[in-house]
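Okay, here's what each chain looks like letter by letter:
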Amino acid sequence: MSDADVSTPTLTANALHLWRGEHHLLRDISFSLAAGELLQVTGPNGVGKTSLLRVAAGLMPAESGEVLWRRISIHRDPARYYDEVAYLGHANALKTDLTALENVQFAGSLRQQVNKPDCLQALHALGVAHCAALPVKVLSAGQRRRVALARVLLCDAVLWILDEPITNLDTAGIELVEDLMAQHLARGGMILTAAHQALLVSHAGTRNLDLH
Amino acid sequence: MMQPVRHTPGPLHLAAVVLMRELRLALRRWDQVLQPLIFFVVVVTLFPLATNPELSALRHIAPGVLWVAAMLASLLAADALFRPDVEDGTMEQWVLSGQPLPWLLFSKSLAHWLLTGLPLVLVTPVVAVSLGVEQGFGTIMMVLALGTGVLTLLGAVGAALTVGLRRGNMLMALLVLPLEMPVLIFGAQAVESAMRNEPALGIISLLASVLLLAMILTPFAMAASMRISIE
Amino acid sequence: MNWIWFHKLASPPSAYVFATRLRPWLFWVSVVMMLWAAYQGLFVVPLDYQQKDAFRIIYVHVPVASLSLLVYSMMAIAAAIGLIWRMKLAHAVAAACAMPGAILTTLALATGSIWGKPMWGAWWAWDARLTSELILLFLYLGYMALRASFDDIGRADRASAILAIVGIVNVPIVKYSVVWWNSLHQGQTLSLFGKSEIDPSMATPLVVMIFAFLLFFGAVLCDGLRAEILRRERNASWLSELKV
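Protein chains in written order, with my numbering: chain A, 79 to 290; chain B, 3 to 233; chain C, 4 to 247.
It is possible that part of the hints are untrue.
[What the hints assert, rightly or not] Examples of chain B residues toward chain C, derived with CB under 10 Å:
id : residue
1  : L156
2  : V159
3  : A162
4  : L163
5  : G166
6  : Q191
7  : A223
8  : R229
9  : I230
[Said to hold, decoys possible] Anything over 10 Å on all C-beta distances counts as not near chain C; from chain B, calculated:
id : residue
10 : Q37
11 : L116
12 : A147
13 : L214
[As the list claims (entries may be wrong)] Distance windows between CB atoms, simulated:
id : chain 1 : residue 1 : chain 2 : residue 2 : range
14 : C       : N238      : A       : T245      : 32 to 38 Å
15 : A       : A93       : C       : E236      : 17 to 23 Å
16 : B       : E89       : A       : N123      : 20 to 26 Å
17 : C       : D226      : A       : E100      : 20 to 26 Å
18 : C       : E236      : A       : N193      : 51 to 57 Å
Keep in mind the hints are simulated off the structure, nothing from the lab. The model shown is predicted, which means the values in this text are computed figures rather than measured ones. Ideal placement from N, C-alpha and C gives every residue a C-beta, glycine not left out.
Starting from the given sequences, assemble the full structure and let the hints guide the process.
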């Protein structure tokens, strides 16, 4: 394992198996992701897309198989892995009693020192800068999703793991997210996503993983 | 791709961030914060109604009543400790933050004690008077402060274990109450000694060492349980 | 040190076969020992100076009480091994210990209560020993309840392992606090053992009985472990090929 291997960001999954109770949900799933690539996980409801993303994020342990980040198992040094990953689940991970800005600020300061201008900039990039001082509970579902995505943007992570990122977004919102994703890939980032609607279909780095 | 320079927050900064968040959230939902306190007072009121309202009689059971009420109030509060965060997904982000989860959860428990345990301690003299206690209020408050600290930490472990379950509430009480019995024993004796103005330094040291042990060990149990609960 | 035998044993099929073969030995040896010790204890050992015949119940009470604590420790250690080294079989052992342990604790309480009636005139007293046993019973019940609440066996294993570890750390603290609490209120109850030393003629059947119960528990554990393995591996291919 040369220094070059360790320094290039790659996400690899080898022979993942996952059971949910008695159900053999993920059977021998393998994939790899390099800088500038987008991997879309597709399949019908309940096939295990969310579970696969959660296993890749290290939230769920797989029965067998491994997930490697920069060729090292993610469970070997989780802090290093999480330093470079941003995860967005089904839930927005927002406290409804706090304002959008407070939410983004708090999420950011858990990982690094953040300042207010950066947070506002992230909200602006998602088109919700005007919501900054509003408590999340008065925002619409689409606006909340945008705030959640702003958090991901602020993380400045190499790998984005996004579970249904465009839920509740209107067409303009979807285009905006696709733009941001393309920019992220252009900077050398990588994205692992599950969505009902295919994203960035015409992008050079887009690949598909179909679970069935 | 060049790795961005990350200024990782130190432990004190993290604790401060978590505390600020919890206090800010509590400020906006202060009715939630008051509930355990009111419950504490209501439970204490049950005893004179159920037994004998004579202060001389209540004085005998005052230490026990104070502690049982505190334990039950602490249990009630513990259920709300992690559930909201797990349900809205913020706890997941804590796990994925790369920061030491035991420390984050300990900070949250500390905030929780400030919001639910400390008010209890401050109200104790008033409640104690209603149970016929005439002296030793300072010592009693100190004992309650130490004991409610342990109760909060043990409750947090129980909460972390059961937060992922649908019907969590009663189970958590079943798990946590037996573990809290030593606190009850030591705490009640300490209050008893304080009421009679006897030296209670020995017992208080005992309680303090139980608190220290809990502070060191429970965060790891909380973190391990939390990871399982959010799978 | 050669750990291969351990790894071989740690696989479910070999553990299943091993437990099946071991069980009859444990069972029959323990039954023989129990019969001998019971005979000695009931008929041969002389009357106690203070308690007359009532003390004879120690031949059941002491074994089950000490075993109840030992089994909890076993359960916690097995659970910890399962958690740290991710050994499924260790979790199965812990799971198999729970119910027998709870039953032992209940027996300890019941025999303690039966002993107490002629001694104190009441079916129950908050004696240090009985109170500790009661709290231990709560710990067992909590463990089993937590296990039952999880649908996924893996999560049930890991969550209950944490509870068992927290419990075992607590056990000395509980014991110490209860003994101290009881000593403060001495005079209201008599300790179950009283002040007399146990005479050697009474001691031998007791020791034999303790070992007998230990072996009997071993047999019960073999059965429980086999049942746990069957439950967890019911879809595995090795089961249909088993020739035991």
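Checklist entry - Should the hint that R229 (chain B) touches chain C count as held when the rule is a Cβ pair under 10 Å? => result Interface hint status for R229 (chain B): holds (9 Å vs cutoff 10 Å).
Checklist entry - Regarding the hint that A162 (chain B) lies at the interface with chain C, is the smallest CB-CB distance below 10 Å? => result holds (9 Å)
Checklist entry - Against chain C, is A223 (chain B) within 10 Å by beta-carbon distance? => result holds (5 Å)
Next on the checklist: Hint validation: L156 (chain B) versus chain C, beta carbon distance must be below 10 Å. Holds or violated?
Outcome noted: holds (8 Å)
Checklist entry - Is it the case that A147 (chain B) keeps its Cβ farther than 10 Å from each residue Cβ in chain C? => result Given a closest Cβ separation of 19 Å, the condition holds.
Checklist entry - At the C-beta level, are E236 (chain C) and N193 (chain A) separated by a distance inside 51 to 57 Å? => result holds (55 Å)
Next on the checklist: Take the shortest C-beta to C-beta distance between V159 (chain B) and chain C; is it under 10 Å?
Outcome noted: Interface hint status for V159 (chain B): holds (6 Å vs cutoff 10 Å).
Next on the checklist: Take the shortest C-beta to C-beta distance between I230 (chain B) and chain C; is it under 10 Å?
Outcome noted: For I230 (chain B), the interface hint holds, since the closest Cβ of chain C sits about 5 Å away, which is under 10 Å.
Next on the checklist: According to the definition I'm using, a residue is off the interface if its beta carbon is farther than 10 Å from all beta carbons of the partner; does L116 (chain B) meet that for chain C?
Outcome noted: Since the minimum Cβ distance to chain C is about 24 Å, L116 (chain B) lies beyond 10 Å and the statement holds.
Checklist entry - Given G166 (chain B) was flagged as interface, is its beta-carbon under 10 Å from a beta-carbon of chain C? => result holds (8 Å)
Checklist entry - Does the hinted range 17 to 23 Å hold for A93 (chain A) and E236 (chain C) at CB? => result holds (21 Å)
Checklist entry - Can Q191 (chain B) be said to touch chain C, with a Cβ gap under 10 Å? => result At about 7 Å, which falls below the 10 Å cut-off, the nearest Cβ of chain C leaves the hint on Q191 (chain B) intact, so it holds.
Against the hints set out earlier in the document, no violation occurs for any number.
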